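S.K.: Residues per chain, in single letters:
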Amino acid sequence: MDKAAIIGIGMTKIEARRDDWTFADMAFEATRKALEDAGMTIGDIDNVITTSNDFWDGRTISCMAVGDASGASDKNVSCVEGDGTFGALYGLARTLSGSYGTTLVTAHSKGSQSVSSLITNAAFDPIYNRALGLDMIGACALQASAYMHRTGTTARQLAQVSVKNHGNALKNPVAQLGMKLSVDDVLKSEMIADPLHKLDCSPVSDGCCAIIIANEDRAKKYKGKPVWIKGVSMCADAYFFGDRDLSTAASLSKAAKQAFAQAGINDPSSQIDFAELYDAFSYQELMWLEGMGLAGDGAAGKMLEEGAFDIGGKLPVNASGGLLGGHAVIAAGLYRIAEVVRQIRGEAGAYQVKKARTGLAHGVNGLAGQSHCVWILGKDK
Amino acid sequence: MSNVFKGVEPLVVKSKISVPYHWWAGETASAFFIKLRDEQKISGTWCAACKKLFLPPRKTCPLCFSAQIEWKTVQPVGTVTAFTVVRRQLAAMPRKAPVIYAMIKIDGTETGLLHILDEVKPGDVKIGMRVEAKFAEVRKATIFDIEYFRPAR
Amino acid sequence: MAKRAAIVGTGQTFHKSHRPDVNGQELINEAVSRALLDANLTMKDIDAIIIGNMDHFEGINYVDCWSVDGSGGTMKPVMKITTGGTTGCTIAIGGYHLVASGMFDKVLIVGWEKNSESDTSGAITTAFDPIWDRLVFAGAISGLAAEAQAYIARYGATDRDGARVSVRDRKHALNNPHAQLRKEVSLEEVLASPMLADPIHLLDVCPRTDGACAVIMASEDSAEKITKTPDWIWGTGNRHPYAYLGDADYGRLTSMERTAKEIFKKAGIKEPRKEINVIELYQPYSFAGIIWIEDMGIVPPGKGAEYIWSGATDMGGELPINPSGGVISCNPIGATGLIRCAEAAMQVMGKAEGRQVPDVNHAVSTGFGGCWWTDMILHGKKKPNY
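Chains as they are written, first to last, in this note's numbering: chain A, 1 to 381; chain B, 1 to 153; chain C, 1 to 386.
I should point out that these hints are in silico values taken from the structure, not numbers from a laboratory.
Careful, some of the hints might be misleading.
To give a feel for the contact side, a few chain C residues facing chain B, derived at Cβ under 8 Å [claimed, not checked]:
(1) 22
(2) 37
(3) 40
(4) 45
(5) 69
(6) 142
(7) 146
(8) 193
(9) 300
What you are looking at is a predicted structure, and each value in this text was computed from that prediction instead of being measured.
Even for Gly, the Cβ is constructed at its ideal location relative to N, Cα and C.
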């Protein structure tokens with residue numbers, strides 16, 4: 001893979017509900033921030049990728065609403081439907097293809113405007129599954145039960161993920177839901193779908209994130225400190241739940257392996273300094289860490305208890321507060337990339353991790369982690 | 001943002017997308033549902049190359065793309081491999097909460113079927129539990145021709 | 001290193017108004033299997049998959065994830081790219097970039113739609129701004145009628161001119177076994193067909209179709225090993241301006257003009273009319289066949305109708321347009337743009353059988369959709385020298 005870097009990031013504050021903002025307003029704000037961050041003007045952007053989802057936006061061709069607001073007027077532009085990490089992967093490809101020197105990628109979501117249960121239920125096959133009435137929460141609860149049963153991970157360990165990430169979110173000015181919690185607070189919160197309590201679940205949020213990717217030549221031209229893209233990979237598992245082993249993350253393992261190989265990483269647990277993961281539900285942080293080989297199989301819960309994933313720990317995970325701290329669905333993975341960039345630049349303030357030379361960002365698409373995208377970013381070219 | 005919008009009350013435009021859909025089940029699913037409705041039998045498709053029995057059935061093998069598949073009927077009994085009790089009344093649910101959802105590995109298949117469990121208390125459900133299909137009295141060739149699964153007798 | 005990329009195989013379903021015998025995944029599988037067969041590859045050879053459709057036409061969310069049984073995406077990289085009507089062309093452009101980036105060597109691109117499963121007009125209407133435009137706008141046809149009226153007012157065309165385009169495409173479709181509508185019509189029949197929105201008659205517009213198309217692209221490292229006649233991608237481009245209904249310059253397709261100029265400049269094409277040998281134009285209704293070839297720079301503004309009447313765009317003419325029968329004969333929306341791309345590739349590769357145009361050096365395929373959006377691909381027989 002040729003060299004490319006992320007040279008600008010822009011995040012709107014993630015909030016429960018922004019009545020005063022349209023999709024275009026959010027995209028404009030994130031884009032403006034990213035340009036300012038990179039020391040660029042819109043004329044420096046060669047092409048644009050937006051990331052959105054017609055169901056979440058309640059609009060066919062949802063990209064229509066944000067193209068111009070993302071600066072795409074009279075430029076080449078396209079739209080990925082899926083998590084923002086997938087949009088960024090396409091943005092990277094368009095940069096490396098030699099067609100464009102710089103690519104702006106945006107991803108937005110306004111969960112506040114719709115009913116997430118109905119929208120995620122529509123991801124179930126209409127012929128065999130949909131009528132049963134499962135949605136994302138039910139699907140992930142099924143997965144959590146299978147994962148806990150196989151690995152012996154406990155409800156208290158799940159709760160501790162929630163305690164950590166909500167606590168980290170208190171330190172992050174763009175996070176929505178910073179809270180000082182105890183494990184008992186989580187375990188006493190409403191049981192939504194066994195084994196997931198309310199505080200095991202990420203909130204529904206509004207937010208938009210933008211990043212600017214540049215090839216090696218262009219990365220040098222602007223004021224921002226480039227953060228280099230070392231490895232990127234994606235992989236999808238089978239669709240029907242019954243075809244998958246729900247208790248493992250096979251597609252994530254494959255994607256991570258490929259991303260590590262590209263980055264020249266042969267011992268991820270010692271070479272990755274920190275990670276920003278897609279913790280839509282507490283159990284996912286542990287399950288994904290194991291899937292990527294950043295924790296031994298079934299060992300993540302114990303490492304968590306020992307403080308390994310704290311901001312000051314051996315492998316800080318979701319120092320930003322993660323999705324539990326704010327979950328603007330389609331944008332969530334792009335926020336992870338932007339947070340990793342922030343850490344590597346040393347600009348994360350109160351939640352800055354000590355060693356931030358090589359970081360991992362991760363996004364998920366589909367039900368219960370069917371498809372994953374893994375990014376390895378680094379300070380060194 | 002410019003301050004020309006200061007003090008403006010943000011209004012919300014309420015609407016909903018209402019588009020009627022009718023999904024063609026296709027020959028594969030039609031054969032499955034007709035057999036379920038008329039004979040109260042569950043059938044999957046067998047790929048000889050992959051030595052795998054798929055449920056729900058597939059017209060071609062999703063793994064090797066072979067169109068050489070054959071139908072196999074399975075017994076309506078299996079094992080719970082994952083479950084949840086949804087206790088909050090979520091918008092997509094067709095029944096009153098709590099609803100027990102389970103992934104059921106039907107005996108003889110390599111894959112599993114998503115369905116609802118009933119005739120069991122939420123607290124008594126365990127992974128590894130043996131369950132059987134309870135067929136609906138009135139069957140309409142939908143997935144609810146299996147009304148639910150219940151503990152095997 | 002950035003790499004050149006080429007199309008090495010294509011596959012299509014036999015498109016029909018409705019396909020009750022298959023569900024969506026099974027429909028996709030038919031196109032994918034045919035493309036693999038055409039390229040003499042197996043699913044194991046494919047490094048990544050791009051899929052596209054329009055969500056609200058089938059009401060299935062996260063289609064990339066749902067479709068893996070049909071697309072072969074299980075345990076492979078799968079991505080969904082979607083931009084409305086332009087989707088089919090957009091995903092082909094996506095495939096180009098994934099291959100050209102050097103990240104993936106062989107990419108499978110799948111476009112599909114089962115338009116029979118919903119109310120197409122109802123779903124399209126939700127594309128428009130919910131606050132300003134959605135309540136006053138009905139489906140796609142009214143916007144197209146406004147374009148045709150504006151063009152007529154500016155250049156003095158008539159509905160007879162439009163009908164001539166429809167006659168051409170419907171005649172061409174007779175040569176394409178994959179087309180949905182394969183019935184020759186006369187000028188009089190088009191003009192006598194019911195008026196949908198003045199000046200557009202029923203026989204001026206595209207149908208609703210169930211269908212899928214798959215295209216395989218490969219990098220220069222393997223393209224010539226897979227086929228002796230790869231279809232090289234010479235350029236891709238698009239413009240997707242956002243427009244409220246009142247913003248468009250009705251009667252001119254500015255996005256086409258901007259895109260065509262950019263691509264032709266990059267490829268060194270100075271006289272498109274002479275240097276391009278065949279066009280697969282995403283032409284959802286007949287008047288677009290007159291207006292948009294002017295915007296592409298084939299003929300000057302106002303000269304489209306004259307060029308069409310001369311027979312130049314018929315099979316055997318100077319620059320045949322839509323040998324496949326075009327969108328008027330077949331329109332599974334998420335696949336429609338990719339079918340244009342596949343048909344253009346078949347022309348370059350010499351695989352277009354009964355609809356083959358002789359000696360194709362350059363072909364153009366396009367996509368149309370959104371609010372006056374254009375996507376475009378320039379295809380070539382020779383490997384580009386850049």
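S.K.: Go through the hint on residue 45(C) and say holds or violated, using the shortest Cβ distance to chain B against 8 Å.
M.R.: Check failed: Cβ of residue 45(C) comes no nearer than 12 Å to chain B, outside 8 Å.
S.K.: Per the CB criterion, is residue 300(C) less than 8 Å away from chain B?
M.R.: Nearest chain B Cβ about 42 Å off; hint violated.
S.K.: Should the interface hint for residue 22(C) be scored as holding, given a Cβ-Cβ cut-off of 8 Å against chain B?
M.R.: holds (4 Å)
S.K.: Regarding the hint that residue 40(C) lies at the interface with chain B, is the smallest CB-CB distance below 8 Å?
M.R.: violated (14 Å)
S.K.: Is the interface hint satisfied for residue 69(C)? The criterion is a beta-carbon contact with chain B at less than 8 Å.
M.R.: holds (4 Å)
S.K.: Let's test the interface hint: is any C-beta of chain B closer than 8 Å to that of residue 142(C)?
M.R.: At about 18 Å, which exceeds the 8 Å cut-off, the nearest Cβ of chain B leaves the hint on residue 142(C) violated.
S.K.: Would the hint on residue 193(C) stand, with a C-beta cut-off of 8 Å toward chain B?
M.R.: violated (27 Å)
S.K.: Under 8 Å, Cβ to Cβ, is where residue 37(C) needs to be relative to chain B, so tell me if that hint holds or is violated.
M.R.: violated (11 Å)
S.K.: Against chain B, is residue 146(C) within 8 Å by beta-carbon distance?
M.R.: Violated, because the Cβ-Cβ distance from residue 146(C) to chain B comes to roughly 24 Å (cut-off 8 Å).
Comparing the model with each earlier hint shows violations of hints 2, 3, 4, 6, 7, 8 and 9; every other hint is respected.
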